[in-house]
Amino acid sequence: MSYKDKKFRIVGKPMPRHDAWEKVLGNTSYAGDHEIPGMLHVKALRSAHAAARLIAIDTSAAEALEGVEAVLTAKDVPHNETVTKFGQTHTVGGFEGLYRVLADKKVRFYGEAVAIVAAETPEICDEALKLIKVEYEKLEGVYDPAEALKPGAYLVGEDESNLVCQYKIRKGDVTDGFSRADVIVENTFTVPQVDHAYMETECGTAWMGEDGIITIRASTQVIEHFRGIAEVLGLPQNKVRVIAPMVGGGFGGKEDITVETYLALVVYKTGRPCSMVWTREESLICHGKRHAYKMHYKTGVTKDGKLVAQQVDILSDAGAYVYLSPWILLYSTVKAVGPYDVETVKVDSRTVLTNNTFASANRGFGGAQVCFGYERQMDEAARAIGMDPLEFRRRNYLHQGDAMATGRILENAVETEATGIKVMEMLGEKTVSDKPNIVIGQGMASSMMSYGRMTFLHDTSRSYVSIELDGSVVVRCGVQDIGCGQTSSLASIAAEVLGVDMEDVTVFFGDTSLTPLAGTTTATRMLYMSGNATLKAAKAIRDNLLDKASKHLAVPVAELDLVNHQLVVESAPERNMELEQLVKLCASDGVELFNLAQFNAPAREFMDFTSGQGQVFADFTFGSHAIEVAVDTDTGRAEILKYVACYDAGQAVNKLSAEGQIEGGAVYGLGYGAMEGIQYDRGKTLNPDFATYLIPTSMDVPEIETDMIESGGGLGPFGAKGLGEPSSVPSAPAFVNAVCDAIGKSINDLPATPEAILKALES
Amino acid sequence: MSEVKYFNPRSYSELTTLFSQLPKGFQTVAGTTDFIPAARRGVKYPVALLDISKVTELREIKEENNRISIGAAVTMAELVSNELIINQCPVLASGAKSVGSPLTRSRATIGGNIANASPSADTAPVLLTLNADVHLLATDGTTRQIPLAGFFLDYKKTARKENEIITGFSFPPPGPAAWTRFAKVGQRNGAAISVANMSMILKKDGDRCDDIAVAFGAVGPVPLRAASVETAARGTIFSDQFITACATAVQQDISPISDIRGSADYRRHVAANILARALTDAFAQGGVK
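Residue numbers (this note's numbering), protein chains in the order written: chain A, 1 to 763; chain B, 764 to 1052.
No false leads were slipped in.
Simulated restraints, written as ranges between beta carbons of each label pair:
{"#": "1", "chain 1": "A", "residue 1": "Gly712", "chain 2": "B", "residue 2": "Ile849", "range": "52 to 62 angstroms"}
{"#": "2", "chain 1": "B", "residue 1": "Arg997", "chain 2": "A", "residue 2": "Glu140", "range": "55 to 65 angstroms"}
{"#": "3", "chain 1": "B", "residue 1": "Ile909", "chain 2": "A", "residue 2": "Ser698", "range": "37 to 47 angstroms"}
{"#": "4", "chain 1": "B", "residue 1": "Gly998", "chain 2": "A", "residue 2": "Arg280", "range": "50 to 60 angstroms"}
{"#": "5", "chain 1": "B", "residue 1": "Arg907", "chain 2": "A", "residue 2": "Ala56", "range": "49 to 59 angstroms"}
{"#": "6", "chain 1": "B", "residue 1": "Arg804", "chain 2": "A", "residue 2": "Glu96", "range": "32 to 42 angstroms"}
{"#": "7", "chain 1": "A", "residue 1": "Ala146", "chain 2": "B", "residue 2": "Ile849", "range": "50 to 60 angstroms"}
{"#": "8", "chain 1": "B", "residue 1": "Thr999", "chain 2": "A", "residue 2": "Gly428", "range": "42 to 52 angstroms"}
In silico EDC-like links for lysine to aspartate or glutamate, alpha-carbon gap of 20 angstroms or less:
{"#": "9", "chain 1": "B", "residue 1": "Lys807", "chain 2": "A", "residue 2": "Glu281"}
{"#": "10", "chain 1": "A", "residue 1": "Lys435", "chain 2": "B", "residue 2": "Asp1003"}
{"#": "11", "chain 1": "A", "residue 1": "Lys130", "chain 2": "A", "residue 2": "Glu120"}
{"#": "12", "chain 1": "A", "residue 1": "Lys130", "chain 2": "A", "residue 2": "Glu69"}
{"#": "13", "chain 1": "B", "residue 1": "Lys860", "chain 2": "A", "residue 2": "Glu639"}
{"#": "14", "chain 1": "A", "residue 1": "Lys642", "chain 2": "A", "residue 2": "Glu425"}
{"#": "15", "chain 1": "B", "residue 1": "Lys807", "chain 2": "A", "residue 2": "Asp689"}
{"#": "16", "chain 1": "B", "residue 1": "Lys807", "chain 2": "A", "residue 2": "Glu127"}
{"#": "17", "chain 1": "A", "residue 1": "Lys133", "chain 2": "A", "residue 2": "Glu123"}
Quick caveat, the hints were computed from the structure, so don't treat them as lab data. For glycine and all other residues, C-beta sits at the position ideal for the given N, C-alpha and C.
Excised from the complex, chain B in its bound form:
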């Protein structure tokens, strides 16, 4: 057995001080809910683990300058119970609540959910529809902020460089006028991995769809914004044809595969169905939310 170096900083300054000691090929971890199962499946251990789960500054959720920012080490359980998130952005709480089981939610972090870049990550479509930015910190001390929309490059590949860690996310709150939904299709109720998931943020003016953001997960190599659906929906008056047009458009946006959890055909079906259901509900329910 080869030795694995383990670093466990408690603060941002401890973290940055560590950078000089980090060997090349280190891996950042937090809740390890993806890391441990992968190691069990035989994925090789890295030379060093940087555990950021105890970094105080990365565990904060706050609102500044009309942007909500969430530290990478915030757990799913914290997102579910955080007042700010519940009030300003319930769709994110809903996405986080659908991750795994209580056991995993108390460990799994939002940073890890995005860094792992699984197509089925439940917070990914939500953050995509929130137009979130990813905040990155490199071991040379430089920082950068990029839109999440450009972060997922391919299956399990992201724009994060080897020497970068995700420190958090920020986004403008969708506002009280927005109608939001997170929908998940899993094979069972508890501890389910998404066969398809969807986040929607919709602003309407009477029967008209003023603005819409829709994103899907587990229906392609990466979580994705449904551009064709958004184009078809934006500015359109709600009707049966509108629903049909959106449900048709989504097929161009997604490219599901068949795997152990479901067939491509099933994923195409349910993606269209949960989209149509959300749009129908959005316009059927008077007022907002």
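Just chain A, with the same shape it has in the complex:
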């Protein structure tokens, strides 16, 4: 092996992304840009009630409308209900996640799809939707998870309880821990449901090929839903193909099936191509949201700043269907005390069905909610003992080799403390206010967030790399590129290893029929998993090339390298050879110039659910954010004066992309902290558009200063860790901690709107 780690030409450098220009010029073809001659348009009729019995649906008038090709309801779906099994975490046994294509018998949430229409134009679809007569019997429903847990509560689904699942973690005896505390701090935190608010709403096209295969080209994070779609239609899995073109934002919102089954169903029923594009309102009302949590934290600390006990109780609102709620709750439970070494820990968590829009994956996957809890609590505890918030954290940060509350030893790099020190250094001295109505505060937050899926899922990824006769390189990998540079990073890796430039690498991606399956673009796993698979494949080709060159030139492999399209002979530069020449030499001698590699993540069995002990994640990314805010005491408006963030990226593959991830994460989390929240009136969404559901605008986003530690201690290629989700997690608590520092009062509910801040100020 002559590959020289760390002498990088491309990896770790700030490189323009290979797909950047096409996007900036508007040439990239997203799912919604695709048109097929003669395609039908598909729209859904959505429930007008959050809880109701479906008595009858009359579609005859809609079907009779000219230009309508099909009106489909639950009875038209071959397998309307499919079930995901989750394992033994319910008090009464295993639990199941029901996926229902179209509402049947009972409507569970406002906006649930009751029927779909396929017609020649979108306008005819709208007319037809109005002609469908649905007879509902309104039911009372339940909208608060605490209410939903009470005996005799309205039952959202068909089970005898609304409880989806519960977990616990026990480390030592908290009663004993609290008895050793000098101060006990107790707070309840609430965080609302929030949306992903991607630019591109859910959309796609589908068609049937002459071979009878149904292809769905959709905006998705998971092309491997082809299996689920096949199950719904009752087709063999190899008869359904999913293509994911460049995705206009995912953030977890396109991890579950959205338009795919509706499109497939219309193709299956009509044989005609079709398109479905959700409106912004549909997107805000109908797809899965980040879970609303109510969290109770009770923390025992000693006067010298040692965490001796923490008791956490989490109540999660799963909404109307299970989807990924059990897994998200598990993430929250494992991370409930954050990157801190707490002597005794007791965590109890539950997730419960209600008639609100279902909740599912959202950047952080349960990590963002608890980070608000533990990081607000860290500041409150520091204040209670009169200690500087950074100093207090420094006395409790976990380090490499320490055990988490689950007993899991952190064997890889843990640089949380370094990031915490760094951000406060970057933030500098607190600005002095020069106006009587402006108060200034500083706040920080650290977090631990996993990258890679849970180890009991036995995750894998595959990548195919080949080098062509002219020295250009092809990567085929079934990644979904959701805008974070998933494909670009694979190009960087292949280019680095094979001694070519990024422009010399073409990455074919996101096609279940043509690219090796690489798993989901979720869980901050793509660079880690597919990066490793691509690295493995590229190294195999490199080995073949160098091996051939070594024999040909009679030079040891150790003296050979591939740099800038050349085979470099370090001991005798005059013998250097063009890469193209070497490739041709290999080709004529039958040396393999391709490789299909699989990377397997470390796998473990389920944790012990009676004690919450065991390993759930392969590794974590650690980092910190710090913010300085100026609060206007007249209005409660909080202006961000300074925003800094620092992460241990392990090894940045593309410095520009890594910085972009941290900046994007900061903004994403800032919306959570300062303004976002789905508002409901008995399950009905009150803010279903961007005039009422507010996200930060360019005017609200400050300059974000980023820094990176590169410990090299990650499990990804070249020691990389993941940044996608970790970068957004500490933003909201850092913001609120800064606001609380400014006003000298506590805010424990998100979002910390100007109104909430003014209310706290005057309390």
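Once you have looked at the hints, place chain B on chain A.
Leaving out everything else, chain B in the frame of chain A:
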């Protein structure tokens, strides 16, 4: 889908010639920044749209006989960058600048902002404090000019008759001696709809408040002049009690409701706070403006 007739006159004479063809129930539009979102929410399309955004004469800003007149089709972006407005009436530029985003400001017009009669319209309190008149033209060719103060009748209801269109506004410039402020409380910096807004034009003589005009938006069914505040302030010497009296008086002038953007209680608080801040600043800063 029913057909919607669309008229797009380019000049005042083209506009008046069109009148005979306009069906009953037509709706006047310009930038459509209120119309399109409403249509999207399901508000029924009218039988015909009269788009006045291209009528040259309605896009003018001019000064005549010591009155500034602004055509109804002048956009927010134009108000923000117009020399005459910047020099003579910066408070209006400030109000216009706070509307929506650059995208909306380049389309939204002052006529539409007033005709739509949203309580949160950002140019409304400014025009109210400027004692502006609304100029109306009926499809029978008659014109009339009424004070804006009497124009807003109730939530989204105005004195404009069905066959009338707003052609513009006129007002005397506040003059160089006036201290002016537009204040807006929104939920964020960009593309924010006012939770409360306020315009103030104040003339002072040393520590005495000589004359004052204050108007608020988004704190009642219509944008309104704060009569009680004006009465309490006019002729009074600036002091802490003066501020308290005004902040108390404003509560009688406003009648906010709670909605998705903010509670009535918050609106009452911030209305008093931005008023007190403006008065404090007006007297703290020596000289004018």
